[in-house]
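Chemist: Please take these sequences and the hints and turn them into a complete structure.
Chains as they are written, first to last, in the numbering used here: chain A, 1 to 281; chain B, 1 to 281; chain C, 1 to 281; chain D, 1 to 281.
Source of the hints: derived by calculation from the structure; they are not laboratory data. Accuracy of the hints is not assured; some may be wrong.
Only pairs whose alpha carbons sit at most 30 Å apart, straight line, appear in this in silico BS3-like list of lysine-lysine [to be verified]: (1) D/K146 to C/K139; (2) B/K59 to B/K102; (3) A/K279 to D/K279; (4) D/K113 to C/K146; (5) A/K102 to A/K279; (6) A/K33 to A/K59; (7) B/K113 to A/K159.
Some chain B residues judged to face chain D by a derived CB distance under 10 Å, without partners named [to be verified]: (8) F83; (9) Q84; (10) M154; (11) S155; (12) R184; (13) T185; (14) E187.
Here are the computed distance ranges between Cβ atoms for each label pair [stated by the list, open to error]: (15) C/P14 to D/S50: 25 to 35 Å; (16) B/G278 to C/D31: 30 to 40 Å; (17) C/K113 to A/G37: 57 to 67 Å; (18) B/V25 to C/G278: 33 to 43 Å; (19) B/P88 to D/A262: 54 to 64 Å; (20) B/Q143 to C/P14: 57 to 67 Å.
Note that the Cβ used here is the ideal one computed from N, Cα and C, for glycine as well.
Number of protein chains: 4
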Amino acid sequence: MDGGVNKLDEFVGPQARKQNPEHRVAVRCGDIKIGEGTFTVMAGPCAIESVDQAVETAKVVEEAGAKIFRASLFKPRTSPYSFQGIGPEGLPILQAVRTETKLLLETEVLSLKHLELLHDHVDMLRVGARGMRNYELLKEVGQTQKPLILKRGMSATLKDFLLAAEYVLVNGNEKVILCERGIRTFETYTRNTLDILAVPALKELTHLPIIVDPSHSAGRRSLVGPASKAGLAAGADGLLVEVHPNPDGALSDGDQALDLSAFLTLMDELRSLAAVMGKVV
Amino acid sequence: MDGGVNKLDEFVGPQARKQNPEHRVAVRCGDIKIGEGTFTVMAGPCAIESVDQAVETAKVVEEAGAKIFRASLFKPRTSPYSFQGIGPEGLPILQAVRTETKLLLETEVLSLKHLELLHDHVDMLRVGARGMRNYELLKEVGQTQKPLILKRGMSATLKDFLLAAEYVLVNGNEKVILCERGIRTFETYTRNTLDILAVPALKELTHLPIIVDPSHSAGRRSLVGPASKAGLAAGADGLLVEVHPNPDGALSDGDQALDLSAFLTLMDELRSLAAVMGKVV
Amino acid sequence: MDGGVNKLDEFVGPQARKQNPEHRVAVRCGDIKIGEGTFTVMAGPCAIESVDQAVETAKVVEEAGAKIFRASLFKPRTSPYSFQGIGPEGLPILQAVRTETKLLLETEVLSLKHLELLHDHVDMLRVGARGMRNYELLKEVGQTQKPLILKRGMSATLKDFLLAAEYVLVNGNEKVILCERGIRTFETYTRNTLDILAVPALKELTHLPIIVDPSHSAGRRSLVGPASKAGLAAGADGLLVEVHPNPDGALSDGDQALDLSAFLTLMDELRSLAAVMGKVV
Amino acid sequence: MDGGVNKLDEFVGPQARKQNPEHRVAVRCGDIKIGEGTFTVMAGPCAIESVDQAVETAKVVEEAGAKIFRASLFKPRTSPYSFQGIGPEGLPILQAVRTETKLLLETEVLSLKHLELLHDHVDMLRVGARGMRNYELLKEVGQTQKPLILKRGMSATLKDFLLAAEYVLVNGNEKVILCERGIRTFETYTRNTLDILAVPALKELTHLPIIVDPSHSAGRRSLVGPASKAGLAAGADGLLVEVHPNPDGALSDGDQALDLSAFLTLMDELRSLAAVMGKVV
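Modeler: Here is the structure:
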């Protein structure tokens with residue numbers, strides 16, 4: 001508990017173990033870095049729906065100061081009858097965002113097929129909460145050199161989470177960014193329970209950058225702002241936040257998306273707070 | 001809550017919805033059926049380790065009256081440094097079990113690759129707790145006609161569980177058997193918390209057969225017997241239970257495996273109890 | 001874990017520790033015993049509402065073979081606006097039940113005031129799930145010689161539960177009966193998650209009798225029967241079950257109460273099952 | 001969910017319901033107020049151990065800018081063999097703290113006896129997580145006019161929590177301060193899971209002030225600072241934090257106590273952050 005090497009050995013794999021407590025290692029992606037005193041905001045809609053929706057959102061996201069665009073073509077949905085994502089038809093939309101902005105692109109992969117399809121079109125991959133225990137997929141991502149956002153599973157302990165990261169690291173991909181997105185508990189007012197102390201806890205245990213997903217944890221847009229600020233105050237290296245030009249018309253998860261105006265306001269608030277925390281948004 | 005059609009519509013997908021409350025539909029596998037008054041015991045080691053281990057166990061399992069042999073070649077392990085299963089080298093071992101016994105074979109698939117490799121060598125597939133939210137895999141299994149044991153995810157509500165089954169059913173494979181294997185809670189004495197009331201609850205909601213995995217829920221062999229009997233008494237259609245000729249030497253999960261003698265005793269106890277419950281083991 | 005003395009020392013207090021694994025100690029209450037091969041059914045309404053309701057229920061409960069009448073005058077309710085129990089006005093009703101039946105009486109105490117008021121009018125006390133961590137109350141009950149049903153708190157580990165029992169035992173009252181009544185988890189189909197493996201787990205750890213409350217765990221009357229049978233099959237020493245002559249008109253918890261006819265049927269089923277388990281209802 | 005009156009009616013009692021969303025009502029205690037733009041830090045040891053320990057801590061707490069001294073004479077401990085608090089012998093120690101500092105005094109009550117004993121010696125009462133469901137005690141506190149810190153139970157939903165507050169409010173005491181202190185989940189790295197989004201969620205639902213207990217949620221002193229800052233950033237009105245002159249020698253909960261130097265540093269950090277949040281520590 002108080003950090004003897006043997007106990008860390010039990011808790012965290014050798015690859016994820018904090019290499020140097022004084023110097024935080026950053027994950028580089030294109031010309032930006034995640035970690036090392038930056039607070040990186042990644043934003044965009046839950047799902048890509050159309051070229052207009054994507055480009056409109058991306059422009060505001062860029063104007064607000066975010067660096068990375070959340071661009072999901074495939075959605076793992078609890079019900080097979082829910083919208084499953086735009087799929088391969090979304091590839092030209094990604095290209096349109098690249099043309100219209102300088103944002104880097106981040107997307108979710110649910111299977112090896114998706115990985116093969118999307119690898120060359122995006123800058124960063126994501127394995128979501130439902131995929132965190134899909135170790136076969138993590139092994140495949142481990143054989144690429146794409147930065148990966150690995151989200152914590154709904155019922156994953158910090159130990160489980162770090163060992164899932166280890167599947168990527170030990171296969172050769174060192175660019176893993178951990179994402180706390182809430183765990184499942186008995187509380188139902190929020191969609192998940194944001195385990196805010198996972199942020200400083202993981203900082204004690206590993207050198208990997210940690211970001212927070214305020215949208216999936218809160219499940220309500222009124223709580224996304226407080227969740228984001230709490231993440232920054234707790235020491236996170238960034239956010240993955242859902243933004244939509246018309247949340248009430250979104251094809252998925254509209255309840256938790258910020259509209260463009262609310263996102264601009266949030267970014268201003270985060271800049272003020274980051275200054276006190278010694279970080280740059 | 002008390003079963004109006006509309007409420008069921010919200011809770012359970014149209015495919016999984018109980019078709020006929022009076023007549024339980026069985027899933028047929030080879031010459032046996034799961035459901036409809038039978039109590040089907042599926043048993044075997046956590047992982048196939050060698051031809052001797054597999055054949056010795058299978059013979060006892062058959063002698064004891066089990067009908068299906070648990071034969072896992074691939075293991076999803078929390079740590080990448082743990083034994084990951086014997087892999088494709090285990091295929092001849094499956095053949096040896098077929099030669100030496102009349103047991104049907106059941107195995108876990110973690111990816112499309114595994115599904116393609118194993119499909120023609122086994123009688124029944126399994127998607128484990130870690131795979132329950134791997135909807136891309138469930139879609140693929142839905143396109144086969146192999147009976148599938150779908151285990152409940154660690155943090156899956158009954159609604160999540162039934163909607164995961166729906167991914168298989170709606171893709172054309174009607175042979176889904178649900179398996180309660182414990183959920184993750186704050187209690188640590190057991191490996192998971194066996195949600196025994198999931199059995200009668202699912203019986204209210206769906207026509208699909210329900211079995212119990214006493215081994216992964218208990219995590220300790222001393223509790224496997226009571227868990228098995230409780231499952232039968234609560235109305236389950238069968239068990240998936242871990243048996244090993246030398247549990248203390250097992251390559252995985254030995255703490256929760258019964259030895260061959262304990263399994264024979266358990267089967268006798270189950271036969272007595274099943275008679276009172278109006279079922280045949 | 002496998003029962004070394006030192007590990008038990010950490011887990012379970014010296015008073016609750018299993019004294020003799022071969023010989024189960026019973027708690028005696030009047031002329032009956034709980035434990036040692038008996039399966040004791042305690043039944044009655046969630047709350048005493050009127051003399052007619054109480055006496056009608058008690059007569060059926062007695063006819064069905066139960067030995068102890070659940071007779072709650074005070075109810076701890078989540079909302080202050082819900083029915084809080086009939087209170088001291090119920091004392092003559094308890095007397096009426098004594099006159100009309102030979103049942104022993106069991107009741108809940110929420111405070112020292114209740115304990116003082118009720119002590120001489122009942123045969124057995126109960127501290128409910130909400131009171132399990134009210135250690136000041138447990139100390140007071142420990143200074144009486146009344147048998148006590150101690151229910152597990154909603155978020156209590158087995159260790160917490162056994163240490164709460166220790167507060168009673170170490171103060172001099174050895175007549176503690178543990179009651180598993182479900183824990184709070186993310187699942188909402190049932191009111192609580194019945195932790196059925198707590199029954200054999202506690203049997204490993206302590207000599208105290210263990211009963212199951214199928215009503216509060218299930219929260220739906222359709223699941224009370226399976227919960228009761230699972231409890232018996234898992235090794236419990238008895239049940240605490242809610243029965244009401246008109247569940248839909250009950251002032252509290254009607255959804256989970258059996259009507260009189262359903263209770264008679266359940267008792268018949270339990271007798272058949274108990275015979276196989278080597279127990280007498 | 002989006003705040004219609006009827007839905008709030010279901011979720012939160014009429015007394016706790018947010019009276020005026022624009023104007024936060026403060027709870028006054030002596031010459032200070034909790035809420036309305038202040039961030040009130042309450043600090044002190046887990047338990048009062050001696051006059052020296054108490055006075056030394058209180059002086060540093062006051063110097064650092066805290067306004068209220070945490071002064072517990074009675075401790076609800078999981079085990080009856082753990083230190084149960086100094087008890088009535090601590091009353092002169094409270095007097096010594098009053099003589100040596102201008103701090104207000106806050107203390108926990110576990111029963112009516114404690115309430116009667118302590119009422120005239122302290123400025124603020126506390127009912128802890130274990131007492132949140134002790135409604136008989138809450139009714140008694142409701143008949144006083146002492147400000148009350150009501151801590152959330154380990155397994156209490158926000159609805160349960162607000163309805164527990166309602167027991168105090170409806171009995172006539174309007175001075176209730178809610179305290180988020182973590183809930184019990186499957187994660188074991190922290191003692192409890194700090195549900196940080198409970199802070200803004202409760203702000204949506206009620207006019208009552210909300211504070212955070214970073215010590216009991218974290219369970220490790222290394223995480224107390226991040227937990228405190230996250231609480232402030234999420235909108236809390238204050239903190240209840242454990243401070244001890246010699247944490248490693250504390251009679252209870254030393255692992256989670258800050259030493260005096262760490263507390264001074266934390267207070268400086270909180271002042272900087274509060275300025276950005278528009279609050280005064």
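Chemist: Take the hints in turn and mark each one as holding or not.
Modeler: Hints versus structure:
Note on D/K146 and C/K139: the hinted pairing holds, with a Cα-Cα distance of about 27 Å set against a maximum of 30 Å. Taking the CA atoms of B/K59 and B/K102, the gap is about 9 Å. The hint holds against a cut of 30 Å. With a C-alpha separation of about 21 Å, the suggested pairing of A/K279 with D/K279 holds against the 30 Å cut-off. Restraint check: the Cα-Cα separation between D/K113 and C/K146 comes to about 23 Å, which is no more than 30 Å; the hinted pair holds.
Distance hint between A/K102 and A/K279 is fulfilled; the C-alpha atoms sit about 22 Å from each other, no more than 30 Å. As the CA atoms of A/K33 and A/K59 are separated by approximately 21 Å, the hinted pair is consistent with the 30 Å bound. Distance hint between B/K113 and A/K159 is fulfilled; the C-alpha atoms sit about 28 Å from each other, no more than 30 Å. A hinted interface residue such as B/F83 counts as satisfied when its beta carbon comes closer than 10 Å to some beta carbon of chain D; here the least separation is about 25 Å, so the hint is violated.
Evaluation of the B/Q84 hint against chain D yields a violated restraint, the C-beta minimum of about 25 Å exceeding 10 Å. Against a cut-off of 10 Å between C-beta atoms, the interface hint on B/M154 holds, since the closest Cβ of chain D lies about 9 Å away. Annotation: interface hint on B/S155 holds; nearest CB of chain D at approximately 9 Å, less than 10 Å. For B/R184, the interface hint holds, the least distance from its beta-carbon to any beta-carbon of chain D being 5 Å, beneath 10 Å.
Because the closest C-beta pair between B/T185 and chain D is about 6 Å apart, less than 10 Å, the hint holds. About 9 Å separates the beta-carbon of B/E187 from the nearest beta-carbon of chain D, less than 10 Å, and the hint is met. In this structure, C/P14 and D/S50 meet the distance hint of 25 to 35 Å, their C-beta atoms being roughly 29 Å apart. The hinted range of 30 to 40 Å is satisfied by B/G278 and C/D31, whose Cβ atoms lie roughly 35 Å apart.
As the Cβ distance of C/K113 to A/G37 is approximately 60 Å, the hint placing it in 57 to 67 Å holds. Evaluation of the 33 to 43 Å hint for B/V25 and C/G278 yields a pass: the beta carbon distance comes to about 35 Å. A hinted range of 54 to 64 Å for the beta carbons of B/P88 and D/A262 is consistent with their spacing of about 56 Å. Taking the beta carbon of each, B/Q143 and C/P14 are about 60 Å apart, inside 57 to 67 Å as hinted.
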